[in-house]
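Asks: Sequence:
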Amino acid sequence: MLKYLKITLLLLFGCNNLANAQFGFSHEIGIIVGPVAFQSDYGERHDFSTNAGNTGFGIGLIHYLNFAYRADCNCYATPTYFNDHFKLRSELSYNKTNLEHFGRWVDSNKTSVFANQLRAMKGSTAVTNIGMQLEYFPFSIREFSATPGKLAPFISLGVQFSHYNPKAYSELGNLGAPDTTPIKYLDGFTNDSGTVWSVVSSIGTRYKLNVMSDLMIDLRWQYYFSDWVDGLRPNPDIYKENKANDWNVWLNVGYIYYLD
Numbered sequence: 001m002l003k004y005l006k007i008t009l010l011l012l013f014g015c016n017n018l019a020n021a022q023f024g025f026s027h028e029i030g031i032i033v034g035p036v037a038f039q040s041d042y043g044e045r046h047d048f049s050t051n052a053g054n055t056g057f058g059i060g061l062i063h064y065l066n067f068a069y070r071a072d073c074n075c076y077a078t079p080t081y082f083n084d085h086f087k088l089r090s091e092l093s094y095n096k097t098n099l100e101h102f103g104r105w106v107d108s109n110k111t112s113v114f115a116n117q118l119r120a121m122k123g124s125t126a127v128t129n130i131g132m133q134l135e136y137f138p139f140s141i142r143e144f145s146a147t148p149g150k151l152a153p154f155i156s157l158g159v160q161f162s163h164y165n166p167k168a169y170s171e172l173g174n175l176g177a178p179d180t181t182p183i184k185y186l187d188g189f190t191n192d193s194g195t196v197w198s199v200v201s202s203i204g205t206r207y208k209l210n211v212m213s214d215l216m217i218d219l220r221w222q223y224y225f226s227d228w229v230d231g232l233r234p235n236p237d238i239y240k241e242n243k244a245n246d247w248n249v250w251l252n253v254g255y256i257y258y259l260d
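Mapping the sequence shown onto this note's numbering, position 187 (from 1) lands on 187, and the numbers just tick up by one.
No wet-lab data here; the hints were simulated from the structure.
Quick list of in silico lysine-lysine cross-link-like pairs, DSSO-like style, CA-CA up to 27 Å: (1) K184 x K240; (2) K96 x K167; (3) K96 x K122; (4) K167 x K110; (5) K122 x K167; (6) K240 x K167; (7) K110 x K122; (8) K184 x K110; (9) K167 x K184; (10) K150 x K208; (11) K167 x K243; (12) K243 x K110; (13) K110 x K240.
Make the full structure from the sequences, and use the hints.
Replies: Here it is, written out as structure tokens:
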């Protein structure tokens, strides 16, 4: 993981430094924090208790290339549509979620061996993400930058590279034995870490505190190209309800500071 992280950091900040040296774009840095709802093979699909229960917390560092302002001359860039409506966001973030089974199959009135095994099965996953998003602002970035108290809504789309570290266990004993493990997970769990690509899309808005800083709120959807991020993957040919890959929704708030 450390090798991939170093390479990706060099690519991210190397590209940013090259862009600054060649074109003079200005920079912004910030921090984001907030709750994460992880949608996985734990719990019942479309169940409110699952969605509310399998939540964790995330934190991240973010960097922006601001194309509307030039750092080399302390002046606005050429007023093209792209410069005035797009920013490039780089991010390094981490989130962790504790997981368990919720829904009708673990109701207190269920007394079968399967229900008892499900209730005793717990887990967690910790995910480190690094990547880029292109943010689109429908209203003028230049006008927003010069107007404290103004809102700047945006949408974004990007790609991230993630390292995940799942942990699955049972309060009945070691997983992998028929007396402790629900039958659908006998050959469908792992505690091995791995890496995966994901696509990220978000909607949010900034609030201009002053000329040099913004507040941000951002609702993100992240879809992983793997079903092993949570450590569970029942055979999708048999258990059709568990055929989807893992994904999460992250509501974060952030503070952004303008460097140039």
